[in-house]
Amino acid sequence: MKITSQENFWGGAMFIGFGALAIFIATDYPFGSASRMGPGYFPTWIGIALVLLGLAISATGFKDQGEGVGKFAWKPMVLLSIAFIFFGWAIDHVGFVAASFVMVILASLAGRDFRWKESIIVAIVLIIGCWALFIKGLELPFPLFWWR
Amino acid sequence: MDFEQLFSNLVLGFQTAVSLQNLLYCFIGVFVGTLVGVLPGIGPLAAIAMLLPATFNLPPVGALIMLAGIYYGTQYGGSTTAILVNLPGESASVVTCMDGHAMAKNGRAGPALAIAAVGSFFAGTVGTILIALFGPPLAEVALKFGAPEYFSLMSMGLIASAVLASGSMLKAIAMIFLGLLFGIVGTDVNSGMSRFTFGMSGLADGLSFVVVAMGLFGFGEILSNLEKGQDAAGRELLTKKIDHLYPTFNDLKVSMGPIMRGTAIGAFFGTLPGAGPTISAFSSYALEKKVAKHPEEFGKGAIQGVAGPESANNAAAQCAFIPTLTLGIPGSGTMALMLGALTIQGIAPGPQVMTQRPELFWGLIASMWIGNAMLVILNLPLIGLWVKLLRVPYRILFPAILTFMAIGVYSVNNLDLDIYMTVFFGLMGYVFVKLKCEPAPMILAFVLGPLMEENLRRALLISRGDPTVFFTRPISAVFLGLTILMLIIMILPAVRKKRELAYKE
Numbered sequence: 001m002k003i004t005s006q007e008n009f010w011g012g013a014m015f016i017g018f019g020a021l022a023i024f025i026a027t028d029y030p031f032g033s034a035s036r037m038g039p040g041y042f043p044t045w046i047g048i049a050l051v052l053l054g055l056a057i058s059a060t061g062f063k064d065q066g067e068g069v070g071k072f073a074w075k076p077m078v079l080l081s082i083a084f085i086f087f088g089w090a091i092d093h094v095g096f097v098a099a100s101f102v103m104v105i106l107a108s109l110a111g112r113d114f115r116w117k118e119s120i121i122v123a124i125v126l127i128i129g130c131w132a133l134f135i136k137g138l139e140l141p142f143p144l145f146w147w148r
Numbered sequence: 001m002d003f004e005q006l007f008s009n010l011v012l013g014f015q016t017a018v019s020l021q022n023l024l025y026c027f028i029g030v031f032v033g034t035l036v037g038v039l040p041g042i043g044p045l046a047a048i049a050m051l052l053p054a055t056f057n058l059p060p061v062g063a064l065i066m067l068a069g070i071y072y073g074t075q076y077g078g079s080t081t082a083i084l085v086n087l088p089g090e091s092a093s094v095v096t097c098m099d100g101h102a103m104a105k106n107g108r109a110g111p112a113l114a115i116a117a118v119g120s121f122f123a124g125t126v127g128t129i130l131i132a133l134f135g136p137p138l139a140e141v142a143l144k145f146g147a148p149e150y151f152s153l154m155s156m157g158l159i160a161s162a163v164l165a166s167g168s169m170l171k172a173i174a175m176i177f178l179g180l181l182f183g184i185v186g187t188d189v190n191s192g193m194s195r196f197t198f199g200m201s202g203l204a205d206g207l208s209f210v211v212v213a214m215g216l217f218g219f220g221e222i223l224s225n226l227e228k229g230q231d232a233a234g235r236e237l238l239t240k241k242i243d244h245l246y247p248t249f250n251d252l253k254v255s256m257g258p259i260m261r262g263t264a265i266g267a268f269f270g271t272l273p274g275a276g277p278t279i280s281a282f283s284s285y286a287l288e289k290k291v292a293k294h295p296e297e298f299g300k301g302a303i304q305g306v307a308g309p310e311s312a313n314n315a316a317a318q319c320a321f322i323p324t325l326t327l328g329i330p331g332s333g334t335m336a337l338m339l340g341a342l343t344i345q346g347i348a349p350g351p352q353v354m355t356q357r358p359e360l361f362w363g364l365i366a367s368m369w370i371g372n373a374m375l376v377i378l379n380l381p382l383i384g385l386w387v388k389l390l391r392v393p394y395r396i397l398f399p400a401i402l403t404f405m406a407i408g409v410y411s412v413n414n415l416d417l418d419i420y421m422t423v424f425f426g427l428m429g430y431v432f433v434k435l436k437c438e439p440a441p442m443i444l445a446f447v448l449g450p451l452m453e454e455n456l457r458r459a460l461l462i463s464r465g466d467p468t469v470f471f472t473r474p475i476s477a478v479f480l481g482l483t484i485l486m487l488i489i490m491i492l493p494a495v496r497k498k499r500e501l502a503y504k505e
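Here the protein sequences come in this chain order: W and Y. Numbers 1 to 148, taken from this note's numbering, label the letters of the first sequence in order. Numbers 1 to 505, taken from this note's numbering, label the letters of the second sequence in order.
Isolated chain W, as found in the complex (with noise of 0.2 Å):
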């Protein structure tokens, strides 16, 4: 048996997964009864669905052909992870202007050809754009500084 469509095959992989931990997190859930239906019953018939739609999409794997998964853009998604993530746990902590600051800087690194003078410029002006838009225009609470 060959895998013939990586995407198909690990599609099914990823519901099946999906659908195995959501039985297994409502098994603590109190099942209930059909006419008395408790917190555990809809989420276990949904995850029985997954793991059964996941097994066809996976068998699929071994007959239709695919194109193949391809390489994952690793550098993209990390930067971009540690750059929102950064925005998230920043924006009350430092406030709104280093916040944005330093995640624009890390999410142009993710790019195909990063300029350091050109992101900077990027970033300024991004910045007192949305500060103009969002907290002076929608008065949005962000804090703009640390210092408040």
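Simulated from the structure, these hints should not be mistaken for lab results. Values in this document were obtained by computation on a predicted structure and should not be read as measured data. Take these hints with a grain of salt, some might be off.
30 Å max Cα-Cα, derived DSSO-like pairs, lysine-lysine [said to hold, decoys possible]:
{"id": "1", "chain 1": "Y", "residue 1": "Lys436", "chain 2": "Y", "residue 2": "Lys228"}
{"id": "2", "chain 1": "W", "residue 1": "Lys71", "chain 2": "Y", "residue 2": "Lys388"}
{"id": "3", "chain 1": "Y", "residue 1": "Lys388", "chain 2": "W", "residue 2": "Lys117"}
{"id": "4", "chain 1": "W", "residue 1": "Lys136", "chain 2": "Y", "residue 2": "Lys436"}
{"id": "5", "chain 1": "W", "residue 1": "Lys2", "chain 2": "Y", "residue 2": "Lys388"}
{"id": "6", "chain 1": "W", "residue 1": "Lys63", "chain 2": "Y", "residue 2": "Lys105"}
{"id": "7", "chain 1": "Y", "residue 1": "Lys228", "chain 2": "Y", "residue 2": "Lys253"}
{"id": "8", "chain 1": "Y", "residue 1": "Lys436", "chain 2": "W", "residue 2": "Lys71"}
{"id": "9", "chain 1": "W", "residue 1": "Lys75", "chain 2": "Y", "residue 2": "Lys228"}
{"id": "10", "chain 1": "W", "residue 1": "Lys63", "chain 2": "Y", "residue 2": "Lys228"}
Here are the in silico distance ranges between beta carbons for each label pair [unchecked claim]:
{"id": "11", "chain 1": "Y", "residue 1": "Leu385", "chain 2": "W", "residue 2": "Thr4", "range": "44 to 54 Å"}
{"id": "12", "chain 1": "Y", "residue 1": "Leu451", "chain 2": "W", "residue 2": "Ala56", "range": "19 to 29 Å"}
{"id": "13", "chain 1": "Y", "residue 1": "Lys228", "chain 2": "W", "residue 2": "Trp89", "range": "28 to 38 Å"}
For glycine and all other residues, C-beta sits at the position ideal for the given N, C-alpha and C.
Position chain Y relative to chain W; hints supplied.
Frame of chain W; chain Y shown alone:
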């Protein structure tokens, strides 16, 4: 049909919508919607998700009007990029690419854009009238619906969205179940038990749909664009100058028929929950190709190939409001977002909105028409500006998009957890794309998840656990019958092949 009543309702609607303030909201919505919709790599779903938080601080009527404007703006923006740079902003504009971009290459970008706007406006006007006519009687029917009917109707909508999604139907159905699962994260309303929260108090109210939508459609899309290297590949920039903007008399003459037929097709598919703009656009294109005098011109810049699908697309987008507003059941991913926006404004969508908040319902309908009119007025002179915007390189664009997204997500609850969850869904969205799993049916299921569970529970409680209740109540049986019929038709090998072909073409 009581026309006097209808007339006075429409007057009420226009009185609400035509205040200076609301016109301004409508204008901002259309303008910003088009602006964001034109940006490559942002479809209407991502655009609406991004702009949604900006409407939170407005009064309900104003917020809805602005959102409707954003909705039309993003739809139209998608067509603009399809015609000018051969980059469909959403699946429905794939069709527009074929002849629209061919026209642009022949130096007829102006007429292509103009006919798209005119067709959309006509379709939008018809759609608005249809909503005004059929909304109230439909809502009356909906008031008689019990839990089994709602459950069956939602199943039908979800299955329809899977059947009509591009790619593998099996995967689309699995995505629906995944969406339902994410939908029930949070406190169970009946038992008060926290489900799937992993002990995080921030998840007690459930996952915010802004987080899910932004992650899947915003963050995830940036990642797949970066992988492809947007600047190098996907963008075929138009260097030719757009000089004569207006279509000739002959253009208008040959477009009349396609616009009418497209509008009819779109109105039909748009009203069905789960169907939508994409299938309408595809059907319209196929039909125009069949009835055309010179079918060989299609694909080489036939104006009918733009006029028909664009009208169909817009009529469907408009009529999708019918199930959303009268039944409280969104027909598409974008409608799910609009529904979420209503809920955030403290309005429970459903048949009762029309009687309890008539000024809201009719104001929205009036503003739909105003929004459509504004699109035409605004976009024709601004085409030059949109073209310039398309020349901004992606390496500058995506950090900006990311910043707007971050602000948008954080502004909903001022909660850092929302940002972290967006990253989670963003990475998932990217994996979905890699595994060729279409995320649009998932967001629909995500919104419907809690509703489905609640209606299933009620239906089975009334019937004392007997599942045949869904088949013994006539309306519910019809919905389920249609659902099963759809599934059977799609499994038939002949139809399956045709469907694959239609999406490949």
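Hints versus structure:
1. Lys436(Y) to Lys228(Y): 15 Å, holds
2. Lys71(W) to Lys388(Y): Cα-Cα ~33 Å, so violated.
3. Lys388(Y) to Lys117(W): 22 Å, holds
4. Lys136(W) to Lys436(Y): 42 Å, violated
5. Lys2(W) to Lys388(Y): 49 Å, violated
6. Lys63(W) to Lys105(Y): 41 Å, violated
7. Lys228(Y) to Lys253(Y): 41 Å, violated
8. Lys436(Y) to Lys71(W): 14 Å, holds
9. Lys75(W) to Lys228(Y): 13 Å, holds
10. Lys63(W) to Lys228(Y): 28 Å, holds
11. Leu385(Y) to Thr4(W): 44 to 54 Å: Because 48 Å falls inside the window, the suggested range holds.
12. Leu451(Y) to Ala56(W): 19 to 29 Å: 27 Å, holds
13. Lys228(Y) to Trp89(W): 28 to 38 Å: 30 Å, holds
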